[in-house]
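Chains as they are written, first to last, in the UniProt record's numbering: chain A, 1 to 301; chain B, 1 to 322.
Among the clues, some could well be false.
[Said to hold, decoys possible] Quick list of in silico lysine to aspartate or glutamate cross-link-like pairs, DMTMM-like style, CA-CA up to 25 Å: (1) A:Lys176 / B:Asp318; (2) B:Lys255 / A:Glu293; (3) B:Lys76 / B:Glu209; (4) A:Lys176 / B:Glu228; (5) A:Lys176 / B:Glu226.
Please keep in mind that the hints were generated in silico from the structure rather than gathered at the bench. All figures in this text were calculated on a predicted structure; none of them were measured in a lab.
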Amino acid sequence: MTGERIERTDLPEPRYEFGGDDHVFVELDEAMSFDANFQAMAITQQIRDRDLEGVTEICPANASYMVRFDPDVIHPETMVDELKEIAAETDISEYSWETRIVEVPVLFDDPWTHETLMNFRDRHQDPDATDLEYSARINGFDSVEAFLDAFVGAPHMVTMVGFVPGLPWCFQMVPKSEQMEVPKYVQPRTDTPSRAVGFGGAFSVVYPVQGAGGYQLYGRTPIEVLDIDQELPAFEDSMVFPNPGDILTYRRIDREEYDAIREEVEAGTYEYTIEDVEFTPEEFFEAPHEYNERLMGVLAG
Amino acid sequence: MIEITDGGISTTVQDLGRFGQYHIGMPPSGAMDQFSHEVANALVGNDPDAATLEMTYAGANVRFEEDAVVALAGAKMPARIDGEAVPMHEAVRVEAGQELEMEFATEGARTYLAVTGGIDVPEVMESRSTYTLVGIGGHEGRTLEEGDELAVADNGTDLEAVVGNSAPEEHLRDFTTDSVRVVVGLCDYRLTDESRERLCDVEWTVTPEADRVGYRLEGPELEFVEREQPFGAGTDPSNVVDVGYPIGSIQLPQKPIVLMRDAVTGGGYATVGTVISADRDLLAQRRTHESVTFDAVTVDEALEVRQAIEDDLEAIRDGLEQ
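The shape of chain B in the complex, shown without the other chains (with noise of 0.2 Å):
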């Protein structure tokens, strides 16, 4: 059991999602930061599908009640147990009574903290991932607040042998960059030939409106194609008849906002390109008032960025002990 002391601005339980929904409108939900929170499962022997903690921007306090292995990998995130500092990429042991302390993000936005077994919540359609919308998944389908107690499974690992794993620092992503890469289409046609080259030419804003579901971005004014608006579409040149929203993909009400893994699920904006399926992590990881840009890539170059990603993850599993 671990009790949660102070719950930081918002700490979640997340796993790897909720799948085979979205068609009733229910987004995938999980890790925001799907790399980091695989890291930090795998430096602490669970499976990459064990539900961690995801911590946002400030992290949470947590009281250990039983001994422990911990990891925490994402953003930069100084943390204590008993005063002593904990480094990130690394496994390490609490003893039953200690606190880990967090504090500010220092580099990067979210923070997984991954215990050995994982936290142990129902499952609500297989997933363990807190959808706050509704209400579902995670602990009562809600942020963690103090006084909050989640159990932790037991998953056989020996937590003697995981003690000082470590992920090396060159199989790590770089959060540091502003640049995410994008497949540019789906209704792009409904921008002028100038904006969808503007779209990714120039610098984006992150905005305080950036959650889960949405990353709203701040930047130059992209104009739509004039056109007699088909029925059922709605007047203005930004609407198109309702659609299905790809994770990751950007509309454009105006200000291009890019659905995270809450997003809304379809809506009558016309969406005009895709983050990658690898840099929605990094997406994830942009502060507010930190620039984005749009690098447009193939699916064969997304694809490639993909598997080197993969190959990263699993030269960090193949330098562990399980």
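This is chain A alone, in the form it adopts within the complex (with noise of 0.2 Å):
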């Protein structure tokens, strides 16, 4: 699979739907691509340069975005003429930003997710099978092993924050022939417990809290994405760890070793391993697994 390419995907029109008085929605694509996300990004940033009166939020999402206003400062077309001002000089292609390589270590069939995936097997399209079982099967996987070995085999970038504080949605940063992809339940769970590692539609995610959710549960991690205390050092700028375009590396770690992070990371004194990238969009779609190699390298050192 070395040398293949990311091909570019050309994004329809822009829709530009109103969220009430006071949000503007705006879809790129219907579908998922780093295309249609880096174009989110990059709008985003722009509109958040240009520090725009009355705009309240601004929003990146997996291939759309969102701004609220106060409509007593800006009218709600006038909101719409300024953000199509904005996409009309914002150009990816010539876009580079600065971001982090972050390790996220997993215990994948850890013994949480596990025993809450199986109290709610009746809201599952495969009961009999297990969440990774079903994942690994219907992407054409021989076994979970070698499904898990896909999964951390390339990092993954957060592509949005949100649902609740800290929770990132991560895009796999392979072709799309590589990218997986599993439905979410059929029925949402109420349950899922705090730093579960899951997979719904393309994405992976890490449940900052306790809460409901409809992905499918792999594992669980260690580490915190949301520390509202403010105690490890990795959120001495923010409650929430992850940005949206941070690089995201799935690492497999033991009971053991989930034990002894765990410790760390309840005494306050875990320091993530994070190293700061330069991300050239170009270059990763030119040569998507020798860049992902590259940057695995920075992490190890």
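Quick one: dock chain against chain with the hints and give me the complex.
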């Protein structure tokens, strides 16, 4: 597979839609692609830089973005005109950005998510298999091991943060032919352990807090993505760890390492493994596997 | 200082909300019925963003350890101080040592208790609003319980001057209406033409799953246009590639859920319209098992409603002593 490029996606005309009188939602594409996501990130960054009066929220999403504004300050139609103008001036081919590559240790097939998923078999497409077995099978893998090798084999880019504070949606950085896809649960679960690592649609996620959820459950990480008391060093600037554009690499760990990391996290001393990198979409599209190897090499030191 | 002697069903500290953090998944929180919150604050001489107590269905009992002026606005909730009835929408005096006792709401769902000076809890991201899901803001990030003590700020208002302030009925909002205006759109192309029309044609019922995060409604099945799902969306026809959800947006994981001020900020269910900013207050006052109808309006009509509500607030403020 080495040598395969990521084909560029021609995006359709964006759809500008009003969310009531105080939001504009802009759909860049109905399907997920790096092009749609990078466009969303680039445009929202431009909006942020312009510091438009009346704008209260600027939210990039996977293949769309949204702004919230005070309609007493800026008329919704004017807001749309501004967004169209900004979009016309944004070109991602000239874009690169400073980002972080972060290691996320994961205990796959852990006892906590296993117990949860067994409790909700009646809401699943395949009640006789685990979420991992089901995902491996429908993506054409011979075994859970082979599926997990692919899952951790290339990094995942944070393409959106939300649902609840700190939850990253991550899109794996491989050509489309290698990307995996799974359905969400038939009916969402009412419970998910905090720090569960899940997968739904084409996105991996880390659940920040215990609560509802509909993604397939694969494992649990001992590290936090949300720390409201900001006790861990990685949370000095924000109670939320992930940022759109961050690159996460999942690393398989065993129970012993999970417990050891967890102990450090609870003591507030755990140092996240993070390196700053410059991300250049053009280079990544041209040779994704080589690019990813370089990225992961940075992390390995 | 005030002491909670009974927390009621769900009482939290709220202000106008927490802004600028939606992109990290942090919803605005803040008063569910912003109009009533602002009226209560105006009556006691507070700025609109002073923190009030939002009481849901059953009010709290509060003992005052200092002299204060208080006002109630929003859902009709019988209230007494030392056995004497307290009128709604009027600033009244409370002496140190007295206790305000609230009962179940007889109309509407949420009542706001403003105290001159405002409830003084620490700000988190520039807001005093409680967001219980992750436990931040308000008092220890949670609903209030018996024994909780809250400080009241001093904003320099002359208590005697504001006592007796009241809001004329004609400028208050009517919570008995079941009609909530919406701007249809976002991902409404996912619905069949027939279902798009049904959305605003039928009566919906508020289910018991209706809280600060969202109002789940019960009604007829709506149908989606069949399609080959785009990459990354998931297999169900109601699924889209995950998007940001506007506050007030109606998402359709089979049955509608209208997202309120503690909303989940994004997800992969098709959103088909948004309750206009002014009418989110009205929906917040609908009770479990009550009906709701969606009335489709244009953005310009939504702005007219917003302006009319602001004019009412202005008229109320103009008639008050500060």
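Consistency of the hints with the structure:
1. A:Lys176 / B:Asp318: Roughly 62 Å between the alpha carbons, so the hint for Lys176 (chain A) and Asp318 (chain B) is violated.
2. B:Lys255 / A:Glu293: violated, 45 Å
3. B:Lys76 / B:Glu209: holds, 22 Å
4. A:Lys176 / B:Glu228: holds, 17 Å
5. A:Lys176 / B:Glu226: Holds, at about 24 Å.
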